[in-house]
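So the sequence lines, in the order shown, correspond to chains F and E. Under our numbering, the first residue of the first sequence carries the number 31, and numbering increases by one thereafter. Under our numbering, the first residue of the second sequence carries the number 25, and numbering increases by one thereafter.
It should be emphasised that the hints constitute simulated quantities derived from the structure, not laboratory data. Do not rely on the hints blindly, as some may be mistaken.
Within a straight-line C-alpha distance of at most 30 Å, the following computed DSBU-like cross-link-like pairs (lysine-lysine) qualify [unchecked claim]:
{"hint": "1", "chain 1": "E", "residue 1": "K71", "chain 2": "F", "residue 2": "K371"}
{"hint": "2", "chain 1": "E", "residue 1": "K54", "chain 2": "F", "residue 2": "K355"}
{"hint": "3", "chain 1": "F", "residue 1": "K355", "chain 2": "E", "residue 2": "K58"}
{"hint": "4", "chain 1": "F", "residue 1": "K371", "chain 2": "F", "residue 2": "K340"}
{"hint": "5", "chain 1": "E", "residue 1": "K115", "chain 2": "F", "residue 2": "K371"}
{"hint": "6", "chain 1": "E", "residue 1": "K115", "chain 2": "F", "residue 2": "K349"}
Residues of chain E clear of chain F, computed beta-carbon distances all greater than 10 Å [to be verified]:
{"hint": "7", "residue": "D106"}
{"hint": "8", "residue": "L181"}
{"hint": "9", "residue": "L193"}
{"hint": "10", "residue": "T212"}
{"hint": "11", "residue": "Q313"}
{"hint": "12", "residue": "S422"}
{"hint": "13", "residue": "F428"}
Derived DEER-like restraints, expressed as beta-carbon distance ranges [claimed, not checked]:
{"hint": "14", "chain 1": "E", "residue 1": "L429", "chain 2": "F", "residue 2": "D187", "range": "44 to 50 Å"}
{"hint": "15", "chain 1": "E", "residue 1": "E57", "chain 2": "F", "residue 2": "R83", "range": "23 to 29 Å"}
{"hint": "16", "chain 1": "E", "residue 1": "L211", "chain 2": "F", "residue 2": "K371", "range": "53 to 59 Å"}
Glycine is no exception: its CB is placed at the ideal position from the N, C-alpha and C atoms.
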Amino acid sequence: MKALMVFFGFIVFAAIVAFSQITLSFWHSMGDYAKLPLDQLIEEFNRTNPGIRVRANYQGTYDETVTKMKSALLVGAGPDLAMVNIEHIQIFTQDEALMSLEDLVERDPELFPEDFVDEFWQTIIRDGTPYAIPFNISVLMLYYNRDLFRQAGLDPDRPPQTWDELEEMAHKLTVVDARRGRTVQYGLLWGVDPMFYQFEPLVWQNSGDIFNEDMTRCLLDSEEAIDALKRWASWFDMGLSPRDLTIEEGIQSFLMGRIAMGTVSSAGIRYGLENLPWELGVAMLPGNKEKATTLGGGSLAIMSHVSDEKSEAAWTFVKWMVEEKNTLTWYERTGYIPVKKSALDSIEIQLIWRRFPQLRAPVEAIPYARPRHVHENIIEIRSILFNTVERVRQGVEEPEIAFLLAVNRVNQLLK
Amino acid sequence: MKRQLFFLALFGFICILSFSAEQIIRFEVKGNEKTRDFVVAQLVGYKPGMALDIEHLYLGKRNLENSGYFEDVYISVVPEGDDYGLVVTVKETSTFYPYFGPMMAIGVGDRNLLGLGIDTYAGIRFLRFDGDIWGFLPRPQLFWGGPVGGMTIPRVLGSPIDLGIRGLLFSEVPWHRDSFFKTLNRLTLSSAYHLEPSALILQFLYESVTLRTDDGESVMIHSEDVGDGFFIGPDRFSNIMVGIGYRFGDSYNYERLRRNLFGDVFLDLGYTWNPYDEYSSFFSRFSTQINYYYRIIAQLFVLSETNIAVTPFGAPPVTQQYFPGQVIWQDLEFNPRHYVEQTFRIGIPLTGTFGLAQTLDMAVFTPKLYLKGILGDSEVLGAAVGIGFHWKTPIGISLEPQVFLRERAPLIQFSLEF
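Just chain F, same shape as in the assembly:
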């Protein structure tokens, strides 16, 4: 009888604990290696915040998450909070799917917007209102194979600073098997994928821009943009970059040490350090007329449909995720940049650099990092631009014509 009562008591206790907890559904886009550190952070949050339980669900790429969230929100089955790519925030704010965080930020005594890196904070502001909190912010970096640099007689501590140096080094790093007449090692792969973000800095570095400030016109028909496209295409024409490989195949070749330099998000640095069969070097992208790189990644947003109780719990979670210590933990385990100035000024970040020197370059690239343009049709626009540069890469279209045609189509969507 006693045993039965103890068992019954235990069941009641468990039920009370379960029902007194607020459960939050959190959708994110961190697959593969980044999922583990994210899960570890969430596990730690759940452990230290017994009244709240965050359940994380991986939803695929950023674009796939947009599609799924849009469908789910239509039927009222969306998450309570989500990791939203900074360029997708606009898609959800126009539907009023994201909660304005203005009140929460203003009345919170522990969160100071001025402590966030200014460039990052601007990515989550729409019409003067914050709709998310920066969390997984990355920049595009030049990854290079230090072993191949040494083999080519180049100094691995002196990566290219300009396009001219990039070309010069890529020539030295390209190896052709004279007997078979085949290139067995390429010097460079500045690959562009459907997100198109790898191409943007080329235009910026050439003092051009992708869109005008109010996002009503595409500027890729400018001389600066067309020259950038020509220069990029010439790397394939000169045989410095492999023309026949898809971006995925190119990345695989790069990882296997068959390509000496490539552009990759800083978010992959720890993955690279733990998986590459060669010594990784990471540097700021080489510039031309000016230096520039792309700011990418996502932020944490609370859905507008959640109850007050849930929004408070979600806010507690979001704040916790960007605390100085946690943003640094996330940085150390991935390569996503700490979002707070206090973290960038901390002694802990210097201890991280002492252990992983490659993580330093993305932080030094922040002053040159530019946020991506945002628009409600941005996914379709990116697709047009990606297909355009792909046709140029494959040699089926001339740069001038390609960008002129693309600009016409994009401008329709911007209207």
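Guided by the hints, dock chain E onto chain F, whose structure is given.
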């Protein structure tokens, strides 16, 4: 002239003060419930007025992480006027562990006894295997084999020195196929001076031994009776040994780097005597273990382990002779004066769903291939091939059953990791 010199000296002093490094003048520990503050201060190497030096703090943080007291360590500095305060925030972890000592001693240890930063352990020998069941399974038998205990004090008084002591009072210790030590009492004192990430080691050992064969008769075998290099010793003897060693490389974090060389080198000098028949002898030993970890691609790795041992002069007593390859060959008769043992371990860490793990932290299963070879001065023992299956269980214990194909019969081993 004197006045000029005075002003010159004063100018120099002011310059030194002006350009002296920023100092840490306050120390604070947060998050510790068990561990005393002074233990954290000792591990991090804090001294009032120390310079704010990244290299020093980095090594201090590594010491804290490697201590086994904490699962998380966070270091921050806060301005204190013109200087700084050092704040170490820790998250403690359980420091108790099962202790597996020499000659199948089993017990329990606490890495952080009473939060004083002292690693203490104790165990007893109570289980042995005698004969077999159905002709192949070892038959377990309970017996009293004596206690073992010891402690290690890391970073004594904030110095880079670790001190250790271990004592054992064993009886019925098998040392040969059909022979026993009747008693084996041993006291070991050790100290390590850290030269991060390397360490200089000094060790002192005293032991006293009585022998008997399985029929209970005492043995009296002197070196001249057994020929070159195989000296058992009189039926009772004492032995003191002083050793100096050097440990190199980062053995704590070797899997975090793509390539890592680590290991140790030891030179021992010893003296054996028997107070009853006035027998005495000097001897020396040299041994080195060289490990090389190399991650081939992704998480696929190879670990090379090389053990080399040489007996430069004298005849060590049986307790200090080399019995290499015991685990694989289980041949206690093979005790050469010199030998080389080489092992290659090739592992592929996999995730729970059997895909190649993206990082080592994600690895749940690690199938391993072992290639082992051994060469001694008296005979070649040959090679063994084995496979292991390393599994990180959800409760924090790793299991690894291993099967070896060797020259005589297959061998099944099992290892646990906490």
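Hey, K355 of chain F versus K58 of chain E, does the alpha-carbon distance stay inside 30 Å?
-> Holds, because 22 Å separates the two Cα atoms, which is no more than 30 Å.
Distance restraint between K54 of chain E and K355 of chain F, which requires alpha-carbon spacing of 30 Å or less = holds, 14 Å
Is K71 of chain E within 30 Å of K371 of chain F, Cα to Cα?
-> holds, 29 Å
Since S422 of chain E was said not to touch the interface, does its Cβ keep a gap of more than 10 Å from each Cβ of chain F?
-> Per Cβ check, S422 of chain E is outside 10 Å of chain F; nearest 18 Å; holds.
Quick one: work out the minimum CB distance from Q313 of chain E to chain F and report holds if it exceeds 10 Å, violated otherwise.
-> Non-interface label stands for Q313 of chain E: nearest chain F Cβ at 26 Å, farther than 10 Å.
Starting from K371 of chain F, check that the Cα of K340 of chain F is at most 30 Å away, please.
-> Status holds; Cα separation ~29 Å.
For the pair we were handed, K115 of chain E and K371 of chain F, check the Cα-Cα distance against 30 Å.
-> Status holds; Cα separation ~24 Å.
Given the hint that K115 of chain E pairs with K349 of chain F, test it: the Cα-Cα distance must not exceed 30 Å.
-> holds, 20 Å
Can we confirm that no CB of chain F comes within 10 Å of the CB of D106 of chain E?
-> Answer for D106 of chain E: holds, closest chain F Cβ roughly 17 Å.
Least C-beta distance from T212 of chain E to chain F larger than 10 Å | holds, 34 Å
For L211 of chain E and K371 of chain F, compare the CB-CB distance with the range 53 to 59 Å and indicate the outcome.
-> holds, 57 Å
No chain F beta carbon within 10 Å of F428 of chain E's | Given a closest Cβ separation of 29 Å, the condition holds.
When the structure is compared with the earlier hints, no violation turns up for any of them.
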